[in-house]
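Peer 1: Read off the chains here:
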Amino acid sequence: MTRAEFPAPTPTALTKPFWDGCQQGRLLVQRCRECGHRRFYPTAACPRCASSSDEWEEMSGKGKLYSWTVVHRSVDPSWASIVPFVSGIVELDGHAGLLLPGLVTDVVPSAVRADMELEVWFDRSGPIALPRWRPA
Amino acid sequence: MNINGMTSISGIGWTDYTRSSGRTPEQLAVEACKRAAEDAGVPLSQVDGVITYGISDTATSAVIATSLGLPRVTHYADYTAGGTAACSVVLHAAMAVITGQARNVLVYRSLNGASGQRYGGAKFSELLAGSGVHSDAEPQFLDTAGITMPAQHFALLCRRHMSKYGTTEEDLAAVAMTCRAHAVDNERAMKRSPMSRDDYFGAPWIAEPFRMFDCCLQSDGACAVLVTSIEHARDLKAQPVEIKAGISGSGPSARGNMWANLFPEHSECYARYLSDDLFRNAGVERKELDFAQFYDCFTYSILVQFEDFGFCDKGDAGAFFREGRGRIGGDLPVNTSGGLLSEAYIHGLNLVVEAVSQLRGEAGTRQVADAKLGLVTAGGASSSGSALILGSVH
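Line by line, the protein sequences are chains A and B.
First residue of the first sequence? That's 0 in numbering that gives the first Met the number 0, and the numbers climb one at a time after it.
First residue of the second sequence? That's 0 in numbering that gives the first Met the number 0, and the numbers climb one at a time after it.
Just so you know, these hints were derived from the structure itself, not from any lab.
Hints are supplied without guarantee of correctness; some may be wrong.
[Stated by the list, open to error] Here are some chain B residues pointing at chain A (derived, C-beta under 10 Å):
| id | residue |
| --- | --- |
| 1 | LEU43 |
| 2 | GLN45 |
| 3 | GLU137 |
| 4 | PRO138 |
| 5 | PHE153 |
| 6 | ALA154 |
| 7 | LEU155 |
| 8 | PRO203 |
| 9 | ILE205 |
| 10 | SER252 |
Think of the CB as a built atom: it goes at the ideal place given N, C-alpha and C, for glycine as much as any other residue.
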């Protein structure tokens, strides 16, 4: 099965900068211009100060595994074709509490551990580049 | 204003809970609502409030009011919400009665969750987004990370709890077996055969750390409750069950930890932010409760809520269930019907029905002795939810 058959994101006005960044090989998150708080997923205002003024800032692409699940069953045909796979939540280095969901690749599921060091890579096999995470 | 004791759940009704109802959600809702009104002894012509919730299969309040032939309705509400609303809707009905919006309010949930739209089905995120429950930003990050089913969302929360507190698969097994043991004695339950430890560990993985029996049932069915004033209730057929307190809310970022990140700590849930208010408003100490019905879309949901409602310290819930203290006859019987794991998944409202059965002393062989006070919750392990404290009236 080719990667192109996997779900592709549908960017919105709020999320397009993130996906544009992925196309360029850059991992971007929103940063509040008022209080400096960084956030993900994209929201219309800052969860800390409610300011709607934000900019997109590039992250290092390094992080630690905050949580994960080894998925054995999926009713989505594309995901079901690659079980077992690892979906995780990554906490970005230097930004405690800044968490991104993502597929963890290049790992044996039984060897996955909390806090393992990860780095982002971009899967370009579909219409929009997707962030993936692998052991650093 | 404290609403303690002003209103009553004065009638309960339910359909059979099955894998394939062969009926529409409208038909199921009508049966459950008629039974709730009959149980209370309130003629349908006097029902003047109708409230429901749902995000998939459902029958809206206006449809049901039409089918029931209600001559005059002065309060409707339809929540676009999942199980987090199962206690919100009862609280809403109580507020409608107290403020004079309506006198006899039917609250129901109806769905073909097995034969119709399945929560564990493909494109769960699209279903949520189509209902407006998600931020429209969320699904594009979920689906592309392989997170397309509730089991995967909640597995991520559970794994965080395991990493932080040492919670184990044995703890999850103990919760699943507690619920099943209770369902064995429940004539409403879909799963009445006992579950052994070997049965639990022999079942296939769904999304680690969840095996099959960590995940709730998918069910067709409906249930309903009728809410009235406490004074009115005393003139009705069924024994009143007073609503002592209710809460419907969230901590920071109500949608924050369904799948990731804005919520401060994924091993915690809404109850950490709301439970003190709930108990204070009810004038009840935690140790006074005779049972608790926790929203159990997954085994882990019971553990995290047990902790965050303040029944033990963080990380200690697993031991409570392994020691059998959550069984009927134990320190705090939990999910006495078998819950969503073993009775049925009527989106949480069936837990309210069970609480009323217990407080009326009508729970048969699974009756908690001398049950006077009970907690019902709604909200799996997430950052938003609702809850009720109910009490018997003699």
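Peer 1: For every hint, state whether the structure bears it out.
Peer 2: Hint check results:
1. A cut of 10 Å between beta carbons decides the hint on LEU43 of chain B: the least distance to chain A is about 40 Å, and the hint is violated.
2. The beta carbon of GLN45 of chain B comes no nearer than 45 Å to any beta carbon in chain A, farther than 10 Å, and the hint placing it at the interface is violated.
3. Below 10 Å, beta-carbon pairs count as interface contacts, and GLU137 of chain B has one with chain A at about 6 Å; its hint therefore holds.
4. The beta carbon of PRO138 of chain B is positioned within 10 Å of a beta carbon in chain A (closest approach about 8 Å), and the interface hint is therefore held.
5. A distance limit of 10 Å between C-beta atoms decides the matter here; for PHE153 of chain B the minimum to chain A is near 9 Å, and the interface restraint holds.
6. A cut of 10 Å between beta carbons decides the hint on ALA154 of chain B: the least distance to chain A is about 4 Å, and the hint holds.
7. With a cut of 10 Å, the hint placing LEU155 of chain B at the interface with chain A holds, because the nearest CB-to-CB distance is about 5 Å.
8. Checking PRO203 of chain B against chain A: minimum C-beta separation of about 7 Å stays under 10 Å; hint holds.
9. Nearest Cβ of chain A to the Cβ of ILE205 of chain B: about 5 Å, under the 10 Å cut. The hint holds.
10. At a threshold of 10 Å, the smallest CB-CB gap from SER252 of chain B to chain A is about 6 Å, leaving the interface hint in force.
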